[in-house]
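Protein sequences, first through last, are from chains A and B. Position 347, counted from 1, in the first sequence is what my numbering calls 338; the numbers after and before it change by one each time, with no gaps. Position 149, counted from 1, in the second sequence is what my numbering calls 507; the numbers after and before it change by one each time, with no gaps.
In short, the hints are calculated from the structure, not lab data. Do not take every clue at face value.
To be verified - Distance condition first, Cα-Cα at most 35 Å in a straight line; then the derived DSBU-like pairs of lysine-lysine:
| # | chain 1 | residue 1 | chain 2 | residue 2 |
| --- | --- | --- | --- | --- |
| 1 | A | K3 | B | K396 |
| 2 | B | K596 | A | K429 |
| 3 | A | K432 | B | K505 |
| 4 | A | K9 | B | K487 |
| 5 | A | K21 | A | K310 |
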Amino acid sequence: MATKKNNTLKLKFDSARKLAPAPESKSAAKIDPQYDLFINGKFEKPLSKKYFATINPATEEKLSVVAEANSSDVNKAVGAARNAYEKVWKKMPARERAKYIYRIARMVQERAREFAIIETLDGGKPIRESRDFDVPTAANHFFYYAGWADKLEYAFPNRNAVPMGVAGQIIPWNFPLLMAAWKIAPALATGNTVVLKPAETTPLTALKLAEIIQEADLPPGVVNIITGAGATGAAIVNHPDINKIAFTGSTEVGKIIQRAIAGTPKKATLELGGKAANIIFDDAPLDQAVEGVINGIFFNQGHVCCAGSRLYVQESVYKEVVRKLKDRIETLIVGDPIDKNTDIGAINSKAQLETINKYIRIGQQEGAEMHQSSCSVPGKGFFCRPTLFTNVAQSNRIAQEEIFGPVLAIQSFRTDDEVIEKANNSAYGLSAGVWTDKGSKIFNMTTKMRAGVVWANTFNKFDPTSPFGGYKESGYGREGGVHGLNAYVNIV
Amino acid sequence: MIATRMIPDFSAPVHIDQVGVEERASRFTKRSIKNESKLNGLMLALNMIDLTTLEGKDTDGKVKQLCYKAQHLHDAYPGLPTVAAICVYPSMVKTAKAALGNSGIKVASVATAFPSGQAPRDVKIRDTKYAVQNGADEIDMVISRGKFLQGEYNFVFDEIAAIKEACGPANGGARLKVILETGELVTYDKVRKASDIAMYAGADFIKTSTGKISPAATMPVTLVMLEAIRDFYYKTGKKIAMKPAGGISKAKAALHYLVMLNEVLGEEWMNNEWFRFGASSLANDILMQLMKQRTGVYQAANYFSID
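Pulled out of the complex, with its shape left as it was, chain A reads as follows (with noise of 0.2 Å):
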């Protein structure tokens, strides 16, 4: 039999990138040359004058331009959200409110390839990412709390459960549609109105919610959305009639708003920043898990919050992950977001793509070991190879801070002592993930991570019913299930 020394042996994949173009329909969607802000139920042109450009990360073409509310606008804004909810929303039964929330749900599914397209065009995720996550899922947060809404009563058991008032929200570019209905649904099913910021780099998909929101006839000013950068958003956090802060993006944002609220009687949940340690023993199923890592740190160009971004492998299966990896990031398709066959689009933004470099330079230079796939990249647009680094140290900066980008620390362990405390041994806390056949192994696990979300045997997974969350500079408070209801009432 002819064998082969097995260092020299390698699969070739070339062929498995090389798919003919197949992308979806960029006429299916209308996108306005120019969005206004929408305020009381109407698009209106911003007191500031100004507005910004929004591009395509793929192509870096303008897709539309969006007003920049500043402090007149926010203000505004916030006294519609403040009398919608005295006059109207306070007042109306719980279930009248549910069946507005439930029409969104509705119109969010019909108009779901829409939204796919758009949020893709915007934002630079796949196609497939924005069509099968997060469009559906953000369907389903609006009908998850939309049940919730008449049944106060039954998640808070004979408490008196009430609305906090106006909920100012402010939200991030990896996510924007499903982070609009993470935080927009459980306020409304709260008996709360709601001023909403979408991230300058994606306003569109929380525009096009806008345009639903029209539609389904909600009384004017209970969700107000409003488009702008970092100096709206400081308008809104300090805006003195706004009662409630929820916020997700940078753990240096978050504490910025922690200052600022400070002292004042606004209740924040801030959702932040992670590092997630995803965990293979020798005893896991080993391809199973390559697979759960490949999602956890390349889903959404790494633009993931509770991203894998470390990866701890025992060390007597280490060799065999990381070929296993290689081989696996050699088949990633990189390029046109809005091909149906792309598995990593583009980087969100410029600014973006030179951190994520940044680091890939200082991974070099701090000694780890880098590996990329030798996929080629579009010349035009802003878009990053999937990258692995072996020979990892705990101290390395790439296994402390947090990438935001498709770039995976891989460090080996050898007891469950050492990988617990590894794993914990960051500022951060928001998930983690746990790879083992046996089951003692994953309960002693999930209760010794210091995470708020710890997969077993799987990552990302996301479902209404499920809260999230951060631990230490992940943030506090949770989003999704019952929890979700908390951050959004007073317990009198």
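Chain A is already provided as a structure; the job is to place chain B on it using the hints.
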């Protein structure tokens, strides 16, 4: 043969996660295969078919017809490839061999008391030798599922090794396909273990099913077997071929299998030396799709010969 020191302990547990395998397998079906990729894929799938008839009512005439079809899939579409092989019972091997002449199409014969495998080893060896002496290029054997499920892994291993020996010399003898009958093994853990036993015992191909038991080939089962082939290749340097059989009757499903093959084992496996479809009705569906690609309209099933 694989050196004895390299043969693993088959009684050790294997770890396959059912949910994970099925999720991964369904991911391949999300690939959108268009235009030239579709055309190339369909042509390749056609060329990978083991055109099969395994009925008690098979006759010499039916086998001859099938052999003609194998060489002339659809003469209205010039330039089509032939199928890879004809798959028949041992009693039909001589007829098939004569009908195929020097077309290059292989004759595969099931053997070893197919499909149940419920016969003593000497009968299975005789069955195999009979097919080989009649000219079979490939032998599709079944494993003893009863023994396997009882944990008699050495028995299964030895039996496969004995049949491999009956196939003739390592170079020049018949290639051995080992049918695991995954529908009777039920769990993915067992499929993986049976794959490993077959490969270490000398299989040239591992094959999912006889086609007589439901479920036959599925994508998750095939994925587990392809991953077993990949791990075996990295351990030993020896390439093993794969044959999903039974239940794959649509061109679209065949394309999904090819996507999976391409992304698990890569392009070296993307030919009929290393991958086959065991199917009887798949060819006509692919032909229908090819004609649709060329003419823009679907033709009725009656325009394609049923042999």
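Exercise for review: Measure nothing beyond the straight line between the CA atoms of K21(A) and K310(A); if it is 35 Å or shorter, mark the hint as holding.
Suggested key: violated, 49 Å
Check your understanding: Keeping to a limit of 35 Å between CA atoms, is the pair of K432(A) and K505(B) held or broken?
Key -> Within the cut-off at roughly 33 Å; holds.
Check your understanding: Going straight from one Cα to the other, do K9(A) and K487(B) come out at no more than 35 Å?
Key -> Given that 35 Å is the threshold and the Cα spacing comes to 44 Å, the pair is violated.
Review point. Given the proposed pairing of K596(B) with K429(A), does the C-alpha separation stay at or below 35 Å?
Key: holds, 32 Å
Review point. Is the straight-line distance between the alpha-carbon of K3(A) and that of K396(B) 35 Å or less?
Key: Within the cut-off at roughly 20 Å; holds.
Hint check: violations occur at hints 4, 5; the rest are consistent with the structure.
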